[in-house]
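Chemist: These are the residues of each chain, in order.
There are 2 protein chains.
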Amino acid sequence: MNEPYFREAEERFCELLKAYLPYEDAYQELYKTEVNNLPLYGYGVKGFTLSMIEAIMNITNNKGDLKLVEGALAIGREILGKPVELLEDVESTLKSLNGDYRLVMATKGDLLDQERKLLKSGLAKYFHHIEIMSNKNKEDFQKLINHLDCAPEEFMMVGNSLKSDILPVLQIGGNAVYVPYHITWEHEKIDHHITHDHFHQVETIKEILPFLKSQSYLTKETLK
Amino acid sequence: MNEPYFREAEERFCELLKAYLPYEDAYQELYKTEVNNLPLYGYGVKGFTLSMIEAIMNITNNKGDLKLVEGALAIGREILGKPVELLEDVESTLKSLNGDYRLVMATKGDLLDQERKLLKSGLAKYFHHIEIMSNKNKEDFQKLINHLDCAPEEFMMVGNSLKSDILPVLQIGGNAVYVPYHITWEHEKIDHHITHDHFHQVETIKEILPFLKSQSYLTKETLK
Numbered sequence: 083m084n085e086p087y088f089r090e091a092e093e094r095f096c097e098l099l100k101a102y103l104p105y106e107d108a109y110q111e112l113y114k115t116e117v118n119n120l121p122l123y124g125y126g127v128k129g130f131t132l133s134m135i136e137a138i139m140n141i142t143n144n145k146g147d148l149k150l151v152e153g154a155l156a157i158g159r160e161i162l163g164k165p166v167e168l169l170e171d172v173e174s175t176l177k178s179l180n181g182d183y184r185l186v187m188a189t190k191g192d193l194l195d196q197e198r199k200l201l202k203s204g205l206a207k208y209f210h211h212i213e214i215m216s217n218k219n220k221e222d223f224q225k226l227i228n229h230l231d232c233a234p235e236e237f238m239m240v241g242n243s244l245k246s247d248i249l250p251v252l253q254i255g256g257n258a259v260y261v262p263y264h265i266t267w268e269h270e271k272i273d274h275h276i277t278h279d280h281f282h283q284v285e286t287i288k289e290i291l292p293f294l295k296s297q298s299y300l301t302k303e304t305l306k
Numbered sequence: 083m084n085e086p087y088f089r090e091a092e093e094r095f096c097e098l099l100k101a102y103l104p105y106e107d108a109y110q111e112l113y114k115t116e117v118n119n120l121p122l123y124g125y126g127v128k129g130f131t132l133s134m135i136e137a138i139m140n141i142t143n144n145k146g147d148l149k150l151v152e153g154a155l156a157i158g159r160e161i162l163g164k165p166v167e168l169l170e171d172v173e174s175t176l177k178s179l180n181g182d183y184r185l186v187m188a189t190k191g192d193l194l195d196q197e198r199k200l201l202k203s204g205l206a207k208y209f210h211h212i213e214i215m216s217n218k219n220k221e222d223f224q225k226l227i228n229h230l231d232c233a234p235e236e237f238m239m240v241g242n243s244l245k246s247d248i249l250p251v252l253q254i255g256g257n258a259v260y261v262p263y264h265i266t267w268e269h270e271k272i273d274h275h276i277t278h279d280h281f282h283q284v285e286t287i288k289e290i291l292p293f294l295k296s297q298s299y300l301t302k303e304t305l306k
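These protein sequences, in sequence, are chains A and B. Position one of the first sequence corresponds to residue 83 (my numbering), numbered consecutively onward. Position one of the second sequence corresponds to residue 83 (my numbering), numbered consecutively onward.
So that you can see chain A by itself, here it is in the shape it has in the complex (with noise of 0.2 Å):
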């Protein structure tokens, strides 16, 4: 979960552009370059640096000092060393769902710092199989669920994103099952209610393993 490192380097560049900008208008001028560079860069954090680097020229008129573009540097590269801390039950659960469901990680972001992620946390031993995607739309997951030679009906999405992890899900047939986390990304929100047969929401990442066995859809034969 990178969530709050990135929240927290976000911090860091409103800090580091204060002479120039209000803490709020430096955010909202990052999120702008962010969101605009995704088609370009995709997810992660070199995508990232490279947007806070961007937005220091807009921000200072490209009058700022090179300074600012070291500290920006910098703010990426402590994020790619970030020891990686797993959520609560999360280990627990992997571990009493292997063997009875096959298990798929599906992430987005860069290649080489997922993988990192992946074997710094110890969880690659739970995985059947890795998917390290550059988008998380519908034609991605169709896409995932073909090479994984699985019906949309035998997939199931557990994920803290609506915007990413649960709406694609759904429109391609399949279940879905939002673990809200408390830090989400501006540009993961979504502003409306998800009512559907396939949606599910529990408060927790333990409670998966109740709410499978509640759900004679949802049989260890058809989620393999």
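Hints are supplied without guarantee of correctness; some may be wrong.
To be verified - List of simulated lysine-lysine pairs, BS3-like, C-alpha gap at most 27 Å:
(1) A/190 with B/164
(2) A/164 with B/190
(3) A/271 with A/220
(4) A/190 with B/199
(5) B/149 with B/100
Quick caveat, the hints were computed from the structure, so don't treat them as lab data.
Chain B: place on chain A using the hints.
Modeler: Quick look at chain B alone, frame taken from chain A:
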């Protein structure tokens, strides 16, 4: 094939910095920064751009103009927007092999950028599988052939980098065919000759077809 675009980008970088350093010194500084950053950023245009920016800091002692950084961002963005130019006979060779052999593309670089290039190239349809790798060490190829459920002796890599495409594949017991290209990045060069039973060199990609026919140990049955 991105090589010429990267070399052109390096020239533009040296041109940008000519007030500070002679061409060759600027190139060496950039190269050193790129190689140092490979374990952190991996391969691809985004890491290359971040390295250009870091090299600007070093070359100008943090005293340069932000316009230099703007120039580096523009060089990076330009590589990402370049058209994909196919080398001669690549498509017709893939077409001829398709159906008889299981074709896999193995490439390294930024995930989104590589996906975009593949889409632009129109070549995706010939491949059974696309593997975008963070590295091309022997462990990475071992993981690839495990994933493909392919024995090393049934695997043949065709590539233009002796260091990344050929040596690691020979090390894991696979077959390798080298198709030299007139531009090779410094970091991909090796300083010795390869002699190995499973190593072969051709001048152009289309020689792959008669080569495969001539090799009894590489029949359609083994290489699929």
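Chemist: Would you list, in rising numerical order, the hints stated earlier that this structure does not obey?
Modeler: As far as the earlier hints go, not one is violated by this structure.
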